[in-house]
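**Q** As a plain string of letters, each chain reads:
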Amino acid sequence: MAKLPKPEQLSKVEYKLPGKRWMNTPVEFKEGMYCNGTRPDYLETVDFPNPRKWAPSDEDWKLPENWKEIVLNGMKERLEKYRSFRLFMDICVRCGACADKCQFYLGTGDPKNMPVLRAELMRSVYRRYFTASGKMLGKLAGGRELTLDVLKEWWYYFYQCSECRRCSVFCPYGIDQAEITMIGREILNLLGLNTDWIAGPVANCYMKGNHLGLEPHTIKSNFEFMVDDIEEITGIKVEPSFNRKGAEILFVAPSGDMFGDPGTFTCMGYMMLFHELGLDYTWSTFASEGGNFGSFTSMEMGKRLNYKIYAEAKRLGVKWIIGGECGHMWRVVNQYMDTWNGPADFLEVPVSPITGTRFENAKSTKMVHIAEFTADLIKHGKLKLDPSRNDHLKVTFHDSCNTSRGMGILDEPRYIIKNVCNHFYEMPEDTIREKTFCCGSGSGLNAAENMELRMRGGFPRANAVKYVQQTHGVNMLANICAIDRAALPTLMNYWVPGVDVAGLHELVGNALVMKGEKERTQDLRLEDLPEKEGAENV
Amino acid sequence: MGFEFNGKFYETDDDGYLTNLDDWNQEVANYIAQQEGIEMTESHWEVVNFLRDYYSEYKIAPMIKILIKEMKKMFGPEKGNNAYLYQLYPAGPALQACKIAGLPKPTGCV
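Chains as they are written, first to last, in this note's numbering: chain R, 16 to 553; chain U, 4 to 113.
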């Protein structure tokens, strides 16, 4: 594996104009900047084409002989199917407003990571093969031949984009670069050109219900550990149920919350909250994944994985669904589910059994984000909270790309944090809410072998965290996404040591005063709470 | 990818993890450990054996905190803690010990 340079070296990014025009600059595969190619069995599991052993660094990618025809047909089909794709191929005026908004450009200085140029990698091929001027004038009209080098360039740069959509916020035309990357990856998948880190979770989710491949007894065993920890902390035995027919609500979380720290602390927070409410809910070991690595692969694969959640809701006979703290789950639910698998007519419009609030915004998907659910509880005064239990934390909030730009969950998490923590500080305004920077590892880029890319892409986010660390002593980076919880600890250790990472409901779990609980001396990480000074915050 | 050992070719992924679980045996574990700069002692084997037992039951490598909790149960608090495990496996018990135990590394949001 490539050795990761030190932060002092990595932070020296050169933004200089290349000597040659971009079309004459062939792609160079730099170690540490790309993921491993997918193993064949992962593709076989979901009936994807061209499963074989290959490595991106190989000269020969073992493509079918007619690969060019497959790519061009794939483009043609999608240009006809998705008006958005054709529009985004046509309308860019190359104004450059997006250029310095991408954290991968900011972190690498590689012009092909400017969103405008990343899209141009595909637009140039579009012009050459699908527009009259490009067919006739070729390069003069901005067209270029589709060659193997061009294909490799697509692969390299479409897997250096985290589909975060920050650039689209600044684009005067609203061009959604993520959709271009998504189509790009979808076309690459026609040739079996996925990464191991994405194809593995997809195959696992398809066969076992979640990205990690946790089997039902593994999930239960892990929950037993978490339940024991909750009992040790609160003296209360929570009793989560699994696959329970007739429950009112199905709860679906990202599987990272069931199996990796600090996600498990968030998971404990969910369970404590639901227990305290006496909520009639169930977990599922079949729909045991909120996230959707399928959506990093192709629309069709995203649809197949999303469908499992609804099939399970139907099988269990629940009324509606609450979804946990996950990013891509919500991009899919909020923006694609309804056309893929909706409307979910067999479910009811979600109504909180505690407050009576009817979630009109979820009337088609029947799925409510837990931040909406919890903010509503707090607003109605239904939770007893002791924010002083989070007094050892100085918290800032990282908006996940998908929940902020993909569904507008901006105020709910902040409202919750302000109610469960006494010390909350925002990062600079150009780095939060709709303009949030990506963690640098989204859209399935959170592997180990591309660590340099991740640290470079996460640099702008880390920089903003460093600012609040220096100005306010921030030591906790809260978020509502499992990729964040997996990726940000590494990013913080690298750029901003001393800042830890927590899901929102871990903070809720710390502050939640439960009926019959013993006096809390530990937080959800089983770490001792600092001695309380006075009682003014209680 | 892969390596030759005792006249046999062992296939691995790009990071050196054995592709086939059944290829694993004590000798090959010792060999992988050597490549990682680790000399296997009884203490190292306790961890590797636990990992393999856990894997055979749950089909995934355990979370570190489960490893710690179980080590504590089996061998007492002086072995059931993070510092001890890092002392044995400086590159991290999750990655290094799993590699020596012949287990695949988990993928997804972890």
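Treat the hints loosely; a few may be bogus.
To be verified - For the chain R half of the interface with chain U, some residues (derived, Cβ under 8 Å), not all of them:
#	residue
1	228
2	238
3	361
4	363
What the hints assert, rightly or not - BS3-like, lysine-lysine: derived pairs with alpha carbons at most 30 Å apart:
#	chain 1	residue 1	chain 2	residue 2
5	U	75	R	68
6	U	68	R	18
7	R	18	R	91
Keep in mind the hints are simulated off the structure, nothing from the lab. All of these numbers come straight from a predicted model, not from anything done at the bench. Ideal Cβ placement from N, Cα and C applies to all residues, glycine included.
**Q** Does the closest beta carbon of chain U sit nearer than 8 Å to the beta carbon of residue 361 of chain R?
**A** For residue 361 of chain R, the interface hint is violated, since the closest Cβ of chain U sits about 29 Å away, which is over 8 Å.
**Q** Please work out if residue 68 of chain U and residue 18 of chain R have their alpha carbons no farther apart than 30 Å.
**A** holds, 28 Å
**Q** Go through the hint on residue 238 of chain R and say holds or violated, using the shortest Cβ distance to chain U against 8 Å.
**A** violated, 12 Å
**Q** Hey, residue 75 of chain U versus residue 68 of chain R, does the alpha-carbon distance stay inside 30 Å?
**A** Distance ~41 Å between residue 75 of chain U and residue 68 of chain R Cα, so the pair is violated.
**Q** Quick one, is the residue 363 of chain R hint okay against chain U at 8 Å, beta carbons?
**A** violated, 30 Å
**Q** Between residue 18 of chain R and residue 91 of chain R, does the CA-CA distance stay at or below 30 Å?
**A** Distance ~41 Å between residue 18 of chain R and residue 91 of chain R Cα, so the pair is violated.
**Q** Against chain U, is residue 228 of chain R within 8 Å by beta-carbon distance?
**A** holds, 6 Å
Checked against the numbered hints given earlier, this structure breaks hints 2, 3, 4, 5, 7; the rest are met.
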